[in-house]
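Position chain A relative to chain C; hints supplied.
Number of protein chains: 2
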Amino acid sequence: MSETGRCYRAQDLERFLTDAFVALDVPGDDAATVAHLMVEADLHGYDTHGSFRLRQYVNRLRDGGTNPKPWIRIERESDATAVVDGDNGLGHLAMVFATELAMEKAAAHGIGWVGINAGNHAGPASLYVKMPLARDMVGLYAAVGSANHVPPWGGTDLLLGTNPIAFAVPAGEEPPVVLDMATTVAAAGKIKTLAQRGEAMPEGWMVGRDGKPLTDPTRQKEGFLLPIGGPKGYGLALVIGLLAGVLNGANFTSDVVDFTADTSSPTNTGQFIAAISVDAFMDVDAFKREVDTHLGRLKSSDTLPGFDRVRIPGDRRDAIYRERSERGIPLHPNLVQALSEIAEELNIDRLS
Amino acid sequence: MSETGRCYRAQDLERFLTDAFVALDVPGDDAATVAHLMVEADLHGYDTHGSFRLRQYVNRLRDGGTNPKPWIRIERESDATAVVDGDNGLGHLAMVFATELAMEKAAAHGIGWVGINAGNHAGPASLYVKMPLARDMVGLYAAVGSANHVPPWGGTDLLLGTNPIAFAVPAGEEPPVVLDMATTVAAAGKIKTLAQRGEAMPEGWMVGRDGKPLTDPTRQKEGFLLPIGGPKGYGLALVIGLLAGVLNGANFTSDVVDFTADTSSPTNTGQFIAAISVDAFMDVDAFKREVDTHLGRLKSSDTLPGFDRVRIPGDRRDAIYRERSERGIPLHPNLVQALSEIAEELNIDRLS
Numbered sequence: 000m001s002e003t004g005r006c007y008r009a010q011d012l013e014r015f016l017t018d019a020f021v022a023l024d025v026p027g028d029d030a031a032t033v034a035h036l037m038v039e040a041d042l043h044g045y046d047t048h049g050s051f052r053l054r055q056y057v058n059r060l061r062d063g064g065t066n067p068k069p070w071i072r073i074e075r076e077s078d079a080t081a082v083v084d085g086d087n088g089l090g091h092l093a094m095v096f097a098t099e100l101a102m103e104k105a106a107a108h109g110i111g112w113v114g115i116n117a118g119n120h121a122g123p124a125s126l127y128v129k130m131p132l133a134r135d136m137v138g139l140y141a142a143v144g145s146a147n148h149v150p151p152w153g154g155t156d157l158l159l160g161t162n163p164i165a166f167a168v169p170a171g172e173e174p175p176v177v178l179d180m181a182t183t184v185a186a187a188g189k190i191k192t193l194a195q196r197g198e199a200m201p202e203g204w205m206v207g208r209d210g211k212p213l214t215d216p217t218r219q220k221e222g223f224l225l226p227i228g229g230p231k232g233y234g235l236a237l238v239i240g241l242l243a244g245v246l247n248g249a250n251f252t253s254d255v256v257d258f259t260a261d262t263s264s265p266t267n268t269g270q271f272i273a274a275i276s277v278d279a280f281m282d283v284d285a286f287k288r289e290v291d292t293h294l295g296r297l298k299s300s301d302t303l304p305g306f307d308r309v310r311i312p313g314d315r316r317d318a319i320y321r322e323r324s325e326r327g328i329p330l331h332p333n334l335v336q337a338l339s340e341i342a343e344e345l346n347i348d349r350l351s
Numbered sequence: 000m001s002e003t004g005r006c007y008r009a010q011d012l013e014r015f016l017t018d019a020f021v022a023l024d025v026p027g028d029d030a031a032t033v034a035h036l037m038v039e040a041d042l043h044g045y046d047t048h049g050s051f052r053l054r055q056y057v058n059r060l061r062d063g064g065t066n067p068k069p070w071i072r073i074e075r076e077s078d079a080t081a082v083v084d085g086d087n088g089l090g091h092l093a094m095v096f097a098t099e100l101a102m103e104k105a106a107a108h109g110i111g112w113v114g115i116n117a118g119n120h121a122g123p124a125s126l127y128v129k130m131p132l133a134r135d136m137v138g139l140y141a142a143v144g145s146a147n148h149v150p151p152w153g154g155t156d157l158l159l160g161t162n163p164i165a166f167a168v169p170a171g172e173e174p175p176v177v178l179d180m181a182t183t184v185a186a187a188g189k190i191k192t193l194a195q196r197g198e199a200m201p202e203g204w205m206v207g208r209d210g211k212p213l214t215d216p217t218r219q220k221e222g223f224l225l226p227i228g229g230p231k232g233y234g235l236a237l238v239i240g241l242l243a244g245v246l247n248g249a250n251f252t253s254d255v256v257d258f259t260a261d262t263s264s265p266t267n268t269g270q271f272i273a274a275i276s277v278d279a280f281m282d283v284d285a286f287k288r289e290v291d292t293h294l295g296r297l298k299s300s301d302t303l304p305g306f307d308r309v310r311i312p313g314d315r316r317d318a319i320y321r322e323r324s325e326r327g328i329p330l331h332p333n334l335v336q337a338l339s340e341i342a343e344e345l346n347i348d349r350l351s
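Sequence order for the protein chains is C and A. Mapping to numbering that gives the first Met the number 0: the first sequence position 318 is 317, numbers consecutive. Mapping to numbering that gives the first Met the number 0: the second sequence position 128 is 127, numbers consecutive.
Treat the hints with care, as some may be off.
One copy or two, either will do: identical chains are not told apart, so a pair holds if it fits within one copy or between any two.
To be verified - For lysine-lysine, the following BS3-like pairs were computed, each having C-alpha atoms within a straight-line distance of at most 27 Å:
no.: 1; residue 1: K220; residue 2: K298
no.: 2; residue 1: K211; residue 2: K191
no.: 3; residue 1: K211; residue 2: K298
no.: 4; residue 1: K298; residue 2: K287
no.: 5; residue 1: K220; residue 2: K189
no.: 6; residue 1: K220; residue 2: K191
no.: 7; residue 1: K68; residue 2: K287
None of these hints come from the bench; they were simulated from the model.
Bound-form chain C, shown alone (with noise of 0.2 Å):
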């Protein structure tokens, strides 16, 4: 993947995303802790969910699509739940908010369950569902995709994003177990991805409305992504878009403004965090030991051919992160050079 690009330090592009977001006017804190989570992202392997993004964020903070200086705050609340309005800020501010008002909603009355409107992009889902995890509960998300690249079922119009979802379990000696997916085959980043390096994509992800593959990831505006399951990606779509757009006062459908497209636009974006205390449903010792006793299991099953051992999701994730801890974050050429208009741009230090 990216590892044809130099190396950079994870302290060293914190701080560059930091100038970025703070020559846009958004206040040193939330510039560090969206920084933070980025890099986060990019040391963890999500390398379309992390600075890959900064082009985006920047243009949308330079035209006045999003908030530099949001007001985020609760706009309805119960004992379990809550509506947070995310202001139209950067959308990592909005759900490190909401994912904490859903673990102290947890501690106090077993679950959490908050949604989110008015908020944003906010890099990858594992970000947030791994959050719960430190005070052993269970995460949960899922929000509505920041474009729409999906056909309902049998239909042409494109109404529905990648919608992701996404779990955190914790785990005992063994990893948690971290599950984050697109209901689309392909994600849209994994797209962008592969046009920036000009490579093709495999059948099965896109398909044009002949219905035939699409493999030319520069061409994906003339075709479909895939939901997984035919039908059944669809309708996991729909719900998400209802529960974590709909139910929130967010967006779903037509109202999706394409945040890449349009810059200057709100796009009222909705998600929502869930946190599930374990120790509301059993002792968090003996849960631990169960799941690492199931992980085993799973891990000690004969492979088919073709596969050289049974993965648990999430679990490759640790390793990525720990190498590039140590060597630094490999960024492809191509977004080094973005990284560097940007600076250019704004003024601000190069990424060194």
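Quick look at chain A alone, frame taken from chain C:
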């Protein structure tokens, strides 16, 4: 599908099922509750999850695998969560108990999330996720499948079930959205029905141990069900197993008891049901209007060649329900034969 058989009136089928359970020492009220839900499944066209399952339930009650007189109770509880011990009774009974509890908690605290252990096969998920709709709540359900037909992605050991997930979301004038899906391309019940009817499976439902397509449903045991989206469906099945099973003290992976093959061991089946009060998030009428708007847009999409219209998950079920409520429930001759054999074994009146 089952249109080749004679039609039976819902009330006659319900009486027959009640008699069968009572003959196996199930108290009259409980027998009637389960019979009613099984006929509801038949009326909605869930042909693999209604009276089709009587044979399995009867065998397990007869052989001591299922407890006819369970003491269903709350094992652990917080404001917004609970774990229910189903005491190994018929699965429908614990599910009704848990769903009512989840709705009470949602009314008081915004959301109620209730897990079950010592449950059993409980028919289609849609029966339970639809219950919260009457109280303007969203329903969410998942279960550990009642037998392992699926290996982890890349593996060959059968450690996972079809682990279904289901959602119901209220609408206004439109029918509610009811998504009830296995995390495999095909559900095990559908394969059973094809085997009973002597029909072949489409390619893509299963592969053999050689990785090649398997289409003969009677050879089901020689191959694997395929998860939706490959590793994504595997990830979903795993997380569902942890949340519906392990978190509630229920079985998962190699502890799962095949409830057809083994009729004398408790299955310790796990499920969870959540109810989410729309009112905790936004004005109920405004929500319903918004949902209607979005569903209308999806249904108005232009269609791909080969599709007459875009469907909303669950929308066919209402039409089937109306038709079957009027004309009766068509039962396949093989199923009628199986029910006759049960009548003879239990010395109860035949279905007529």
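Q) What are the numbers of the hints the structure violates, in ascending order? A) 7
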